[in-house]
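Number of protein chains: 2
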Amino acid sequence: MPRISITEPDDPRLADYVSLRDTSLRRHLESTHGLFIAEGEKVIRRAVEAGYRPRSLLLAERWPDSLSDVIERHPDVPVMVVTEELAEQVTGFHVHRGALASLHREIRHGVDDLLQCRRLVVIEDVVDHTNVGAILRTAAALGWDGVLLAPRAADPLYRRSIKVAMGAVFSLPWARLEDWANAPDLLRDNGFTTLALALDSDSITLDEAVVEHGNDERLAIMVGTEGAGLSRRWIDGANRVVRIPMAAGIDSLNVGAATAVACWALNRPHSDAG
Amino acid sequence: MPRISITEPDDPRLADYVSLRDTSLRRHLESTHGLFIAEGEKVIRRAVEAGYRPRSLLLAERWPDSLSDVIERHPDVPVMVVTEELAEQVTGFHVHRGALASLHREIRHGVDDLLQCRRLVVIEDVVDHTNVGAILRTAAALGWDGVLLAPRAADPLYRRSIKVAMGAVFSLPWARLEDWANAPDLLRDNGFTTLALALDSDSITLDEAVVEHGNDERLAIMVGTEGAGLSRRWIDGANRVVRIPMAAGIDSLNVGAATAVACWALNRPHSDAG
Chain Z
61 MPRISITEPD DPRLADYVSL RDTSLRRHLE STHGLFIAEG EKVIRRAVEA GYRPRSLLLA
121 ERWPDSLSDV IERHPDVPVM VVTEELAEQV TGFHVHRGAL ASLHREIRHG VDDLLQCRRL
181 VVIEDVVDHT NVGAILRTAA ALGWDGVLLA PRAADPLYRR SIKVAMGAVF SLPWARLEDW
241 ANAPDLLRDN GFTTLALALD SDSITLDEAV VEHGNDERLA IMVGTEGAGL SRRWIDGANR
301 VVRIPMAAGI DSLNVGAATA VACWALNRPH SDAG
Chain E
61 MPRISITEPD DPRLADYVSL RDTSLRRHLE STHGLFIAEG EKVIRRAVEA GYRPRSLLLA
121 ERWPDSLSDV IERHPDVPVM VVTEELAEQV TGFHVHRGAL ASLHREIRHG VDDLLQCRRL
181 VVIEDVVDHT NVGAILRTAA ALGWDGVLLA PRAADPLYRR SIKVAMGAVF SLPWARLEDW
241 ANAPDLLRDN GFTTLALALD SDSITLDEAV VEHGNDERLA IMVGTEGAGL SRRWIDGANR
301 VVRIPMAAGI DSLNVGAATA VACWALNRPH SDAG
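These protein sequences, in sequence, are chains Z and E. Residue numbers for the first sequence follow the working numbering, beginning at 61 and rising by one. Residue numbers for the second sequence follow the working numbering, beginning at 61 and rising by one.
Just so you know, not all the hints are guaranteed correct.
It does not matter which identical chain is used: a pair holds within one copy or between any two.
To be verified - Here are the simulated EDC-like cross-link-like pairs (lysine to aspartate or glutamate), alpha carbons at most 16 Å apart as the crow flies: (1) Lys223 - Asp172; (2) Lys102 - Glu277; (3) Lys102 - Asp129; (4) Lys223 - Glu101; (5) Lys223 - Glu132.
Don't read these hints as lab results, they were simulated from the structure.
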């Protein structure tokens, strides 16, 4: 399809791209219309290569032909060209690298698929998209098989999550739990050792967890929201509570950093040392 | 000092707090006036307890008396009270938890002080305040002694860095290098084994680094910017290039996640296992 030059901010063909910084508006708009937004050439290409179907592309005028392969493969998808000023006016921010795509949302995996994995990260109520994106990227990079998300956790297909994850949300299997309360039981019933990451005094250290459970057939680490941490229900439901010991005077690690350390320590097929 | 109610957005007593989201304006304003901004009760209290002198406090009308101890200890410091609307108008964002403080900037440590440490994280050109804050918090939490920053790295006393670090920027010693180019030599001349975190094929794995250097008297890990990673100069100047092996199809970890994994692996006085 030829490129369409668009000059009016209220052109209805731009409707997928409005107010990208308005989280609550976007959440409603994206779920209602079944879409998500990818930003930047690399991430757009990864989404398309992972099989997500584009609805449209929005390119800045000065955009080079570097997505031409994607465009050729999807000849029916409108490619809209706008000035950077218009892009900013519509989306509400300076469009980094000048390319956005709107793609069809899909549910790719169910909870049952994820329960077949060996190594799972289970995210409770982490509501920050940066943290959810970072955890998915870390899990994928360190060889974990998938991520389960509690009903209230932030959306992995939100623009910011996708960007921080560098597209790992497209390659790593993930699914959303329907039932928050029974998650520890569900995991246990499916053969997982569940490790709750928390700083409870009634816990074992990560080093102890590596010795005791590093070779368990199935492991799920459960991580909670930045402020309050995991819920009491998930902590009490876990096989083990595991802490990363903190230096004096420091409360806690960021949830992304803590997950990275735990993922690295508890999945070492890449290791011939230690 | 009694609380001062302020009702006009252009009141000169609010000058320290204008446009907190405008990074380049703030960088100029804060260095010119020698100040920095702390946000939220916990972080403000930590700054003051660490000995930083407040210039003023800005509280939302509905703010409880929870900073009264800080206010009483500094009777000469103006405490300004504004509506949340006025706070948002001046600062440019919704003031989370309704308390801000402006404090005097100080240089607390020199490079020479940091060179006395056992375990250093050395940040090259990480320009994202979130990442710099996260790295300082991680280094402090995992028992590293300090952080050196290259001249172009982001400011640890920028509001966003402080917030992400949860105040660790006040307790953990850090200093800014004057000379980027000679940093690897400087560290080596001061007895450090320098480990460059990079994905070069000509590298050893983190597991190998733990075995070879985990007990070295002095260790410095050097980390580079998100996109391009460490400079060739720092990589070539390091004693060792160390990689965290990546799963197939994933380019890299986020610099904060990679630093967390390396800090955990290479500093294990808390460990009696592994």
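Evaluated hints:
In this assembly of identical chains, the alpha carbons of Lys223 and Asp172 never lie at most 16 Å apart, being 27 Å within a copy and 39 Å across copies at closest. Taking the shortest alpha-carbon separations for Lys102 and Glu277, neither the intra-copy value of 35 Å nor the inter-copy value of 42 Å comes in at or below 16 Å. For a Cα distance limit of 16 Å, the shortest separation of Lys102 from Asp129 inside one copy, 13 Å, qualifies, whereas the shortest one across copies, 51 Å, does not. In this assembly of identical chains, the alpha carbons of Lys223 and Glu101 lie at most 16 Å apart only when taken from the same copy (11 Å versus 31 Å across copies).
When the C-alpha separation of Lys223 and Glu132 is checked against a cutoff of 16 Å, the pair qualifies neither within a copy, at 24 Å, nor between copies, at 45 Å.
Taken one by one, the earlier hints fail for this structure at numbers 1, 2 and 5, listed in ascending order.
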